[in-house]
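When you get a sec, could you build the whole thing from the sequences and use the hints?
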Amino acid sequence: GPGGDAATGQEERIPGQVLAGSGYCKWFNVRMGFGFISMTHSEGRTVEPPLDVFVHQSKLVMDGFRSLREGEQVEFTFKRSSKGLESLRVTGPGGGPCSGSERRSKGKAPPPKRKPKGDR
Numbered sequence: 001g002p003g004g005d006a007a008t009g010q011e012e013r014i015p016g017q018v019l020a021g022s023g024y025c026k027w028f029n030v031r032m033g034f035g036f037i038s039m040t041h042s043e044g045r046t047v048e049p050p051l052d053v054f055v056h057q058s059k060l061v062m063d064g065f066r067s068l069r070e071g072e073q074v075e076f077t078f079k080r081s082s083k084g085l086e087s088l089r090v091t092g093p094g095g096g097p098c099s100g101s102e103r104r105s106k107g108k109a110p111p112p113k114r115k116p117k118g119d120r
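Using full-length UniProt numbering, the first residue of the sequence shown is number 1, and each one after it goes up by one.
Hints listed in this document are in silico derivations from the structure and should not be mistaken for laboratory results. Backbone N, C-alpha and C fix where the C-beta goes; we use that ideal spot for every residue, glycine too. There may be inaccurate statements among the hints.
The following label-pair restraints were derived from C-beta to C-beta distances [what the hints assert, rightly or not]: (1) Asp63 to Gly118: 40 to 48 Å; (2) Lys115 to His56: 27 to 35 Å; (3) His41 to Lys115: 35 to 43 Å; (4) Glu43 to Gly64: 17 to 25 Å; (5) Trp27 to Gly94: 18 to 26 Å.
Here you go:
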């Protein structure tokens, strides 16, 4: 965008500033309720290499059981904290709800895929 380059590096100097980013879910532990987003874009700029942004399930914008699926595309706001980068509000692309992992309900989890035992 216009004047985008002038802002490079500003975020390092302003603690607690709320920034916008987008990327994809790197991993998410459904049981623990947190994970990390790989941020590939921030404030209209490409982030290379992608940065890890901490995500807690309470920050996910979606109905029902909140979780992220690995590789899911997300948009979010985040801030720099003592722990690093931390997401504040996470949505799907275009501000829609996150799609989340397949394990939406708190009922029975689907059975794990059995690896064929070739040694017996």
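Do the hints match the structure? See the list:
For Asp63 and Gly118, the hinted distance range of 40 to 48 Å is satisfied, since their beta carbons lie about 43 Å from each other. In this structure the hint that Lys115 and His56 lie 27 to 35 Å apart at CB holds, the actual value being about 32 Å. Taken as a hint, the range 35 to 43 Å holds for the pair His41 and Lys115, whose Cβ atoms sit roughly 37 Å apart. The hinted window of 17 to 25 Å between Glu43 and Gly64 is violated, with their beta carbons roughly 31 Å apart.
Take Trp27 and Gly94: their Cβ atoms lie about 23 Å apart, and the range 18 to 26 Å holds.
The structure fails hint 4 only (numbered hints given earlier).
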